[in-house]
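Participant: Construct the complete structure from the given sequences, taking the supplied hints into account.
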Amino acid sequence: MSAQVHVPSLFARVGTASVLTLAVTSSMLAPGLVDDAEAATHSKKALKIAASKKGAPYKYGASGPSRFDCSGLTVYSFKKAGKKLPRTAQQQYNKTSRISSSKRKPGDLVFFHSGRSVYHVGIYAGGGKIWHSPKSGDVVRKAKIWSKSVWYGRVR
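Residue numbering for the sequence shown follows the working numbering, beginning at 863 and increasing consecutively.
Taking lysine-lysine pairs in the DSS-like style, the calculated list, with each CA pair at most 25 Å apart, reads:
{"no.": "1", "residue 1": "957", "residue 2": "921"}
{"no.": "2", "residue 1": "910", "residue 2": "991"}
{"no.": "3", "residue 1": "906", "residue 2": "957"}
{"no.": "4", "residue 1": "967", "residue 2": "915"}
{"no.": "5", "residue 1": "906", "residue 2": "967"}
{"no.": "6", "residue 1": "921", "residue 2": "945"}
{"no.": "7", "residue 1": "991", "residue 2": "907"}
{"no.": "8", "residue 1": "941", "residue 2": "967"}
{"no.": "9", "residue 1": "965", "residue 2": "991"}
{"no.": "10", "residue 1": "941", "residue 2": "915"}
These are computed hints drawn from the structure, not numbers from a lab.
Facilitator: Structure follows, in structure tokens:
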């Protein structure tokens, strides 16, 4: 005796694989949107976490919770937001999705470069500003993007 499966009339005679096709493609109707929404959520959380570290002193090689270098701040912020990043600014650049300056959003990473080498990273705060841990003797702070030699990356 074979089992009977009730298939709504909408799908009844569309084709032999219609229910399976619908099941597979319904989750793919807008590829990338789920990833973009998830990326935005993690990025906004990371931005808030970085901002909460305002005034924390710079320390080369430090990744929190009370001292940071530039990539240590991004590693810490995204880890607390649920995303793992590699340790250095260059490695982070290599791991992110490239985006244009016109598509940048708060929470995206801003990579400062000289030629093809990335030497600094911050988290885009909107309005042409970033949260970053700049250098020895300084603290985590919000600052204007001071260079045109920047690339933008989105953590997925």
